[in-house]
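> So the chains spell out like this:
Protein chains: 2
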Amino acid sequence: MKIPTYDDIRKAHQRIDSEVHRTPVLTSSDINEMTGCHLYFKCENFQKTGAFKFRGATNAVISMTETGALEGVATHSSGNHAAALALAAKKRGIGCYIAMPHTAPKNKIAAVKSYGGKITFCEPTLLSREETLVKIIRETGSAFVHPYDNFNVICGQGTAAKELLEDCPGLEALFVPVGGGGILSGSAISAKAMQKGIRVYGCEPAGADDAYRSFQSRKIIPSVNPCTIADGLLTSLSEMTFSIMMNQVDEIFTVSEKHIITAMQLIWERMKIIVEPSAAVAFAVVMQNPDLMKGIKAGVMLTGGNADLFNLPFAKK
Amino acid sequence: MKIPTYDDIRKAHQRIDSEVHRTPVLTSSDINEMTGCHLYFKCENFQKTGAFKFRGATNAVISMTETGALEGVATHSSGNHAAALALAAKKRGIGCYIAMPHTAPKNKIAAVKSYGGKITFCEPTLLSREETLVKIIRETGSAFVHPYDNFNVICGQGTAAKELLEDCPGLEALFVPVGGGGILSGSAISAKAMQKGIRVYGCEPAGADDAYRSFQSRKIIPSVNPCTIADGLLTSLSEMTFSIMMNQVDEIFTVSEKHIITAMQLIWERMKIIVEPSAAVAFAVVMQNPDLMKGIKAGVMLTGGNADLFNLPFAKK
Numbered sequence: 007m008k009i010p011t012y013d014d015i016r017k018a019h020q021r022i023d024s025e026v027h028r029t030p031v032l033t034s035s036d037i038n039e040m041t042g043c044h045l046y047f048k049c050e051n052f053q054k055t056g057a058f059k060f061r062g063a064t065n066a067v068i069s070m071t072e073t074g075a076l077e078g079v080a081t082h083s084s085g086n087h088a089a090a091l092a093l094a095a096k097k098r099g100i101g102c103y104i105a106m107p108h109t110a111p112k113n114k115i116a117a118v119k120s121y122g123g124k125i126t127f128c129e130p131t132l133l134s135r136e137e138t139l140v141k142i143i144r145e146t147g148s149a150f151v152h153p154y155d156n157f158n159v160i161c162g163q164g165t166a167a168k169e170l171l172e173d174c175p176g177l178e179a180l181f182v183p184v185g186g187g188g189i190l191s192g193s194a195i196s197a198k199a200m201q202k203g204i205r206v207y208g209c210e211p212a213g214a215d216d217a218y219r220s221f222q223s224r225k226i227i228p229s230v231n232p233c234t235i236a237d238g239l240l241t242s243l244s245e246m247t248f249s250i251m252m253n254q255v256d257e258i259f260t261v262s263e264k265h266i267i268t269a270m271q272l273i274w275e276r277m278k279i280i281v282e283p284s285a286a287v288a289f290a291v292v293m294q295n296p297d298l299m300k301g302i303k304a305g306v307m308l309t310g311g312n313a314d315l316f317n318l319p320f321a322k323k
Numbered sequence: 007m008k009i010p011t012y013d014d015i016r017k018a019h020q021r022i023d024s025e026v027h028r029t030p031v032l033t034s035s036d037i038n039e040m041t042g043c044h045l046y047f048k049c050e051n052f053q054k055t056g057a058f059k060f061r062g063a064t065n066a067v068i069s070m071t072e073t074g075a076l077e078g079v080a081t082h083s084s085g086n087h088a089a090a091l092a093l094a095a096k097k098r099g100i101g102c103y104i105a106m107p108h109t110a111p112k113n114k115i116a117a118v119k120s121y122g123g124k125i126t127f128c129e130p131t132l133l134s135r136e137e138t139l140v141k142i143i144r145e146t147g148s149a150f151v152h153p154y155d156n157f158n159v160i161c162g163q164g165t166a167a168k169e170l171l172e173d174c175p176g177l178e179a180l181f182v183p184v185g186g187g188g189i190l191s192g193s194a195i196s197a198k199a200m201q202k203g204i205r206v207y208g209c210e211p212a213g214a215d216d217a218y219r220s221f222q223s224r225k226i227i228p229s230v231n232p233c234t235i236a237d238g239l240l241t242s243l244s245e246m247t248f249s250i251m252m253n254q255v256d257e258i259f260t261v262s263e264k265h266i267i268t269a270m271q272l273i274w275e276r277m278k279i280i281v282e283p284s285a286a287v288a289f290a291v292v293m294q295n296p297d298l299m300k301g302i303k304a305g306v307m308l309t310g311g312n313a314d315l316f317n318l319p320f321a322k323k
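Line order of the protein sequences matches chains H and Y.
Residue numbering for the first sequence follows our numbering, beginning at 7 and increasing consecutively.
Residue numbering for the second sequence follows our numbering, beginning at 7 and increasing consecutively.
Treat the hints as calculated values from the structure; they're not laboratory data.
Check each hint, because a few of them may be wrong.
Chain copies aren't distinguished; within one or between two, either way the pair holds.
Said to hold, decoys possible - The calculated lysine-lysine pairs, modelled on BS3-like cross-linking and capped at a C-alpha distance of 27 Å, are:
#: 1; residue 1: Lys-264; residue 2: Lys-112
#: 2; residue 1: Lys-97; residue 2: Lys-300
#: 3; residue 1: Lys-97; residue 2: Lys-202
#: 4; residue 1: Lys-303; residue 2: Lys-97
#: 5; residue 1: Lys-264; residue 2: Lys-198
#: 6; residue 1: Lys-96; residue 2: Lys-300
#: 7; residue 1: Lys-17; residue 2: Lys-112
#: 8; residue 1: Lys-17; residue 2: Lys-96
#: 9; residue 1: Lys-264; residue 2: Lys-119
#: 10; residue 1: Lys-8; residue 2: Lys-300
#: 11; residue 1: Lys-119; residue 2: Lys-141
#: 12; residue 1: Lys-198; residue 2: Lys-303
#: 13; residue 1: Lys-119; residue 2: Lys-225
#: 14; residue 1: Lys-97; residue 2: Lys-124
#: 15; residue 1: Lys-124; residue 2: Lys-8
#: 16; residue 1: Lys-141; residue 2: Lys-202
#: 17; residue 1: Lys-141; residue 2: Lys-303
Note that this is a predicted model, so its numbers are computed, not measured.
Work out the full structure: start from the sequences and follow the hints.
Structure below.
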């Protein structure tokens, strides 16, 4: 298993630079006052397809050989990776096939379709997703681009933290949501290489705390019946992301559903930007750990903005 | 009546520079593709208090003499100017008294209170607002800061377009919402002085089209029973804003409620930022005038982001 280095992320950045947005870093004096620290929000909700996933998908698709890309690409995903891969494939002019749980948010299904991705619906279990994908690949001859257990995908995801550290040198901590671990592991590699002494924290919903439990027990514990509004963080770690996490991440924190929703609402109200529930998890961890935060300068990864505007969680509290 | 010049706006900018945010200018490749032009959105929804109004209020409050400011400031406003004046007064350490229609959006009432503004509720008519204000001023001795019929307020509002033109030289057109005309007239003065040949367009809800009718008939026609979701654009022009509009604005366009809501939803979905209905009116005009827009480089003023998250208009369509 070849683990990405910071040099691999640098090369990925050169490769995808003209294809992805260099997203802005926003700050909020309101939120700094409220939390007692200096927060720098990396706005991947403004990334193409509305999420950081477009970085990894683009790097994976661009890195394929002419022959390897000939029959298109395929994946299973509940949303953002699917849309990202569909757009990356469309830009290269190849097909894209997606196994998608029928429970995926409607807006995410619509996005995949709008980029020309061909969806086969399946049950919302890892087994059903994988079986459906195997069938798709057999029929189409397409190449599997795993949402996070993929060298080039992780390198692409690592470019977001690289940009953040370039724009905001001197960060003392970086908070990143963790689902399958792609953005967390890529961010950790960049951050630890670029900023001496920076602490990297994984942030996870308590209702899908497989990364927390894996970190504590030092072995991969798969996600079983995860239940959280953060629909992008339901997946389990892979060997690759687990290995990077154990070596480069300082701690994993979990937060309740209530705290995720409150954090999401605060970002909407105070920063006037739209983030999806999964993207609010890192800020929720910041809010819940004031002792850790006092006076420090920290980065917060806002992973995506594909919230369902017709189904907002605030009103349901 | 002393009309502001661009030089006055330059001086105002120096005065308020350290107090207001230099808000970002965002672009969206999705929206550019959809409209066939190059749009530069000036994000005053990210301004302190969530709207451009903080620029004018700050300039007015800072410009007051020690004696003049002693008894505080007062105004009538349905929301954003009230919150802006309350924060500007708080920063100077003086009182702020607001006559506010009881129909004002709840989130805007809450914002005024959070900045320490003292609210007296009144009926949602200009007469009731003015009568209530006179009473407040008599009781408190505070100084009236009109939301737009005020030299220093207009100079402050003009700094938003100044920043936009500094960041994006070469704009061929600028689209700005018009209610009382503060941001439109300030923007027009800056734009016409800074960019040769630029056209400045006022953008108004059809349900509150007093600026359109005033522009056509070349005399002030007050707003009577205006009805629009764009609650920041209900007010009538003043002598000062009318005069600037007649001299510096190229045209006024109106749009329907349906188009305002669609424009607002598009900004939320594609740009992942929160704008209030009034702020979507300029983009709605762009969407409804494709012939005017083809291939041009245009600025769009996003005036504020204080949308009521618990009462979104999309779902009601």
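> Quick one: Lys-97 to Lys-300, C-alpha cut-off 27 Å, is that within a copy, between copies, both, or neither?
Between copies, since 25 Å is at most 27 Å while 45 Å is not.
> With identical chains, the pair Lys-119 and Lys-225 could be close in the same copy or across copies; at 27 Å between alpha carbons, which is it: within, between, both, or neither?
Result: close neither inside a copy nor across copies, 37 Å intra and 52 Å inter.
> For the identical chains here, do Lys-97 and Lys-202 meet the 27 Å Cα criterion within one copy, between copies, both, or neither?
neither (37 Å within a copy, 38 Å between copies)
> Using 27 Å as the alpha-carbon threshold, which applies to Lys-17 and Lys-96: within, between, both, or neither?
Result: close within a single copy only, 23 Å intra versus 50 Å inter.
> Indicate which option fits the pair Lys-96, Lys-300 if close means a Cα-Cα distance not exceeding 27 Å: within, between, both or neither.
between (46 Å within a copy, 26 Å between copies)
> How do Lys-264 and Lys-198 come out at 27 Å by Cα distance, when the copy is not named: within, between, both, or neither?
neither (31 Å within a copy, 50 Å between copies)
> Give the relationship of Lys-198 and Lys-303 under a CA distance limit of 27 Å: within one copy only, between copies only, both, or neither.
within (16 Å within a copy, 42 Å between copies)
> For the identical chains here, do Lys-264 and Lys-112 meet the 27 Å Cα criterion within one copy, between copies, both, or neither?
both (23 Å within a copy, 23 Å between copies)
> What label fits Lys-119 with Lys-141 when the C-alpha limit is 27 Å: within, between, both, or neither?
within (20 Å within a copy, 60 Å between copies)
> For Lys-141 vs Lys-202, is the C-alpha pair at or below 27 Å within one copy, between two copies, both, or neither?
neither (46 Å within a copy, 62 Å between copies)
> Give the relationship of Lys-8 and Lys-300 under a CA distance limit of 27 Å: within one copy only, between copies only, both, or neither.
Cα proximity of Lys-8 and Lys-300: none, with 38 Å in one copy and 50 Å across.
> With identical chains treated as interchangeable, where does the CA-CA distance between Lys-124 and Lys-8 reach 27 Å or less: within a copy, between copies, both, or neither?
Neither, since 31 Å and 64 Å both go past 27 Å.
The earlier numbered hints that this structure contradicts are 3, 5, 7, 10, 13, 15, 16 and 17.
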